[in-house]
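Top to bottom, those sequences are chains A and B. If you're matching positions, the first sequence starts at 714 in our numbering and goes up one per residue. If you're matching positions, the second sequence starts at 714 in our numbering and goes up one per residue.
Coverage of chain B stretches by chain A, computed from C-beta distances (three or more under 8 Å per stretch; other residues unrestricted):
#1 899 to 905
#2 920 to 933
#3 1109 to 1118
#4 1359 to 1370
#5 1404 to 1412
These are computed hints drawn from the structure, not numbers from a lab. For glycine and all other residues, C-beta sits at the position ideal for the given N, C-alpha and C.
There are 2 protein chains.
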Amino acid sequence: MLLRSLLLLLLVIGLHNGARADDGYRLWLKYDQLPEAGLRKAWLARAKNINVDKNGGPTLQTAAKELQLGLQGLLGRPVPLGAAPGGRGSISLRVTAAPELGREGYRISSQNGKLEITGASEVGVLYGCFALLRQVQTGQLPDQLNLSSQPRIQYRMLNHWDNPNGTVERGYAGSSIWKWLELPERIDPRYQDYARANASIGLNGVVLNNVNASARYLTPEYLRKVAAVAGVLRPYGQRVYLSVLWAAPKVIGGLKTSDPLDPQVKAWWQARTGEIYKAIPDFGGFLVKANSEGEPGPQDYGRNHADGANMLAQALGGHDGIVMWRAFVYKAGSGDRFRQAYEEFQPLDGKFADKVLVQVKNGPIDFQAREPFHPLFGAMPRTPLVLEVQLTQEYLGFATHLVYLGPLIKECLEADTHSQGPGSTVAKVVDGSLEKHSLSGIAGVANIGSDRNWTGHLVGQANWYAFGRLAWDHSLRSEDVAREWASMTLTREPAALAAVLPVLNQSRSIYVRYTTPLGLHHIMGQDIHYGPEPWLARSARPDWTAVYYHKADAAGLGFDRTAAGSDALALYAPGARQRWANPATCPPDYLLWFHHVGWGQQLSTGRTLWDELTTRYYTGTDSVQWMQRQWEQAKPALDPALHADVAARLCIQHREAQWWRDACVLYFQTFARRPLPPGLAPPTRTLPEIKTLVDIYQLR
Amino acid sequence: MLLRSLLLLLLVIGLHNGARADDGYRLWLKYDQLPEAGLRKAWLARAKNINVDKNGGPTLQTAAKELQLGLQGLLGRPVPLGAAPGGRGSISLRVTAAPELGREGYRISSQNGKLEITGASEVGVLYGCFALLRQVQTGQLPDQLNLSSQPRIQYRMLNHWDNPNGTVERGYAGSSIWKWLELPERIDPRYQDYARANASIGLNGVVLNNVNASARYLTPEYLRKVAAVAGVLRPYGQRVYLSVLWAAPKVIGGLKTSDPLDPQVKAWWQARTGEIYKAIPDFGGFLVKANSEGEPGPQDYGRNHADGANMLAQALGGHDGIVMWRAFVYKAGSGDRFRQAYEEFQPLDGKFADKVLVQVKNGPIDFQAREPFHPLFGAMPRTPLVLEVQLTQEYLGFATHLVYLGPLIKECLEADTHSQGPGSTVAKVVDGSLEKHSLSGIAGVANIGSDRNWTGHLVGQANWYAFGRLAWDHSLRSEDVAREWASMTLTREPAALAAVLPVLNQSRSIYVRYTTPLGLHHIMGQDIHYGPEPWLARSARPDWTAVYYHKADAAGLGFDRTAAGSDALALYAPGARQRWANPATCPPDYLLWFHHVGWGQQLSTGRTLWDELTTRYYTGTDSVQWMQRQWEQAKPALDPALHADVAARLCIQHREAQWWRDACVLYFQTFARRPLPPGLAPPTRTLPEIKTLVDIYQLR
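In isolation and in its complexed conformation, chain A is listed as follows (with noise of 0.2 Å):
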């Protein structure tokens, strides 16, 4: 009788949880039991108890209990906590002196049995216990467990374009996770699972507002809101940092003047800092867009870009407190935008107070599919520079294409500015360990929004994580970490990861081919950011128009940077340059960023431009078939609904492929007025037709 109750029982709840398909919120935190009942087994034997000094802070406690609840999941087996120290099978958690490890540093050992996760810190210790999850979720086995990490950067920030009313900039993944109206007195259970997800992956700072920024954070009606914020992420390890609106003094100082040089803003600046901390005592800093794409700065006093900084950094006084400040500026007509950050801001090496990170994008332009890197890293080299990412798919294709981005982020890391020679990568510039610097950072533009699986596509969830691994230790490989993130999120079938992985690791490559190939950048369409639109050649200014970048003709396509051209190659190191300085040698890449090249031109590829350029926004296209392939390949591993909408959003990807496609081989061959390439089917429909369909995607 309790039998047969116990099977109803076992059948009802098998209802209503068949019922719940997976919809993506736990992220890779899915604690969820492991098939494998050798694995589980040897796990057991290993976690029959958590010890901890109950004395601990808060970040020791919310350690213990997120192993306590990651272990019961995939164990399947309540996993007591407990304060006496265990024996055989237990294990213990403790904050060591052990200055190897650094600040946050982990390390987890075997001995005798018993597992012991250590840190220099309880911050240390929670990234031990995320480790050791992964460890268990990723299908490694126990023995001889022996693992020390520390992170090679100091300051892991996710920077939030998100605005106060809810809005995100450049957000594809419904509104903003930040409920200002609900704040402080409401808490979303949203904010500690997302504290839980950058405490896995090391994350240590959130901006929590976009860089145009609103002067309301810094209102004590807001820092009570912050403040809230900042309460549930401190246990996690992360701090609170705000992007500044410069004219604050003025917009809610009720001054005349944000000069940074004026003592009243100076002593407003002091006062407002110290509230700050009052109400946050480890507030992390400020972000700061000045005099760029209209917001206000110091240049409208005459001052420049390190009197800014300069000043806030002296508002922070003896706080535990950094100033991050933008290098996204580029003044309407100056030149080549390419050039332009580096004009600005090369000069002041050297004249940043020692609380200022200067803030520098990837690439020179803007966050494209791919860039060279930004000619700023290694041309600093008395400033630590921040590296910002763009986790938020503005440029690349929104949430409806995948594009898995750890070799982007990669790419950039390892390219060599030979500022000290070779082997000066960038990653080295951010780690500081080229210039030796004391402080170093790296700030990912959030991809996070309200949507149920806070990154619209569920490969976004795979940036972020991406994002995270890397900043923490910028040597991993972008396939290593897509296998963790694929093994945690999706499946541990080998099989289906043998299908799923090439497609993560290929996306952005192919993203590039479809959209643009060869060097193309910045002909999307005009301020949504979404499809092509090449043709545009009016705009408020004419660096946001497309023929400004691709500068096609009848002769050839293609920017010429050179010393024949707007020689921003010169703002490279020489072992950097050379690479693509020379057409013939330039990797084919990277060719149109630097080269005005004829469309007949032999590339090294063996075919001529306009043959490799079309050549690949077809092969671009079928590939993203390819990937659907691959995906549907991995179906019987894979969640159902997980599965059904990245497949969904697959076909979206290919539709739109074809719409990049279309669009600029008919545009381009207004110019080149060649045929295809045998074997290339001409589009079916006309630059006409392409060019409505771009229109009604930018209606009001």
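Once you've looked at the hints, dock chain B against the given chain A.
For chain B alone, coordinates are given in the frame of chain A:
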């Protein structure tokens, strides 16, 4: 051993499910097992299987599956679906000729131990299934079940003010649920759950896009997307409608004009309508906001609203579609805004084509917390009028104020226009019975977004629910609808219900008291419509200020709309206006809508205007604390996550009620120059301090 494994399995499932708090996603369709064994047993005896014709259409299959899903969950046992005629304990679903049920009505009858749900159409059966589930969910016993019902209003619609970029105008629950860039390939599973919710309360139409319309939706590119959504809604008995941009023939048609009398314009709309019906054979029709708040319209060409509406009706031709033409118009500077819609539309009565309905907001200004009924009701007897109410809380505290709108909707429906003598209620105008119209409609501006719980505030779900139930049957009591919703959504525990129901029922009156007592209106924060701003004296238009409406001066307060003033009262039938015309007998709730009253004037309440006004601000604010106490009382019976969510929002509501109280009391005191009545503690902050606070929320 088996038993032990089963117990362990249950424990682990428990661990998982325990962590999964109620997030509100399921709305009122909670098919959790009934707690009462007796009730389960009684229903199980009547729900052994479901008998349905397998050759029935999709709506019938949908009905059967929903009934199965619901009963299995509620009763905790599988309920098989079968085509064979069932015996005792079976439930049969049948479509049958039953003219007395109308096209959408249903009957649930019980005979010889068998339940039968019949409808004259499949959608009637679907509504019957939801009605039966409602019986079970609300704890009714199956004995002698004999129910029949049919809707009193034909078109029962939600209007989504959703923009193509995913924002929602006046939306406070995240972004739009419609993911236009993902359509048509990806069908978000949420669309189906949305359709289920609407069907469960009898809604049969959905306007997908904002009345400030984009022309995108009329293009082939977007019609494919609209058709995909229509395909999800169709089995649930819902048709899609589109808001149209009047200028579409110019914007996307390439014409030089949008003049409704231009033959090319007519031909364009006719052709476009044909394409729409090719894509969506059951397309519902058009909603139009024209010549209102800057939107284009037929007046741009010297034509009137009827010219425009009739041209669209003609374009619909033989298709089963309608035109809903909004009467929400007010020309700048033409006297009292209260009168303007009437002045433009009343003279057109009798001029509209058969397929046109004129859509009129419940009140003459704009969805204020309390308005007198719109004077057009009863004044256009030859035109079917759609009642438009706003579920999204644009003027009602957004998503942080608990305001149950049942009483507001009922107050309007029950208002007596006296247009054909006493008893000529708005309800009878709207349902067509008073003036013998064959078309009738009601529209709710949706409060739905992508937030997990759909509506931001949990009680927003009650407003969605109440709108649907009252649209179906406006004779239902608001209190009964609240009880249904709470029983299905929160708890059926009697003490908890007894605590919560008064909160719901009084919440709207309380909101009025602490924001706009005694008939004050339109004194909220500029543009965002958040927080108080009674001092707002300058805006782009005078009728966008607050002083335009409250007319506070040294003598008194309120808008004189008698013959001595704007004479807006004259727009009402004598029987209707007489209750408002005399300040001595005018109900205090409407006093300042119609009269400028001296500060020292004694009201029917026995207090002076000043004392009554301030007392209401204070008692209204205190009542929020009463709401909090009541909510705490219900805590033991509620899901902890749902309880905590609402409890936190009530804290915000109390803080903001104090904000409204202090702002309005201090501001009006600058005119009244009187002390607060004894017992009311003066605000602890100054008017400038409060203005600063208001300013913060209006910063970029």
